[in-house]
Amino acid sequence: MNIPFLNFIVIILLLFFFTRFSCGTDIITSSTNLSDGRTLVSSDGSFELGFFSPGSSAKILD
Numbered sequence: 001m002n003i004p005f006l007n008f009i010v011i012i013l014l015l016f017f018f019t020r021f022s023c024g025t026d027i028i029t030s031s032t033n034l035s036d037g038r039t040l041v042s043s044d045g046s047f048e049l050g051f052f053s054p055g056s057s058a059k060i061l062d
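Every letter in the sequence shown is one number past the one before it in full-length UniProt numbering, and letter 45, counting from 1, is 45.
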């Protein structure tokens with residue numbers, strides 16, 4: 001194997017391992033919760049609802 005091919009394989013593997021895969025939903029019911037770090041995306045992808053911590057704050061109120 002030559003070096004450019006190995007570089008290509010390494011890049012593909014890095015992209016595969018470091019890419020976050022997620023499943024989206026655009027429906028929330030009374031039995032589902034929306035917690036910190038999770039979002040709700042509209043069916044056409046134009047809106048996203050979620051919770052976040054501003055700046056370096058990690059305080060979560062219960």
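By construction, these hints were calculated from the structure, which means they are not laboratory data.
Among the hints, erroneous ones may be present.
To be verified - DEER-style ranges, computed between Cβ atoms:
hint : residue 1 : residue 2 : range
1    : 8         : 50        : 34 to 42 Å
2    : 45        : 15        : 17 to 25 Å
3    : 11        : 35        : 28 to 36 Å
4    : 50        : 10        : 32 to 40 Å
5    : 48        : 11        : 27 to 35 Å
6    : 17        : 48        : 21 to 29 Å
7    : 52        : 10        : 31 to 39 Å
8    : 16        : 37        : 19 to 27 Å
9    : 28        : 8         : 28 to 36 Å
10   : 38        : 15        : 17 to 25 Å
Even for Gly, the Cβ is constructed at its ideal location relative to N, Cα and C.
Okay, the hints, checked on the actual structure:
1. 8 to 50: 34 to 42 Å: holds, 35 Å
2. 45 to 15: 17 to 25 Å: holds, 22 Å
3. 11 to 35: 28 to 36 Å: holds, 34 Å
4. 50 to 10: 32 to 40 Å: holds, 33 Å
5. 48 to 11: 27 to 35 Å: About 29 Å separates the Cβ atoms of residue 48 and residue 11, which means 27 to 35 Å holds.
6. 17 to 48: 21 to 29 Å: holds, 25 Å
7. 52 to 10: 31 to 39 Å: holds, 33 Å
8. 16 to 37: 19 to 27 Å: holds, 22 Å
9. 28 to 8: 28 to 36 Å: Between residue 28 and residue 8, where Cβ atoms are some 41 Å apart, the hint is violated.
10. 38 to 15: 17 to 25 Å: Given a distance of about 24 Å, which is inside 17 to 25 Å, the answer is holds.
Hint 9 from the list above is the single one not met by this structure.
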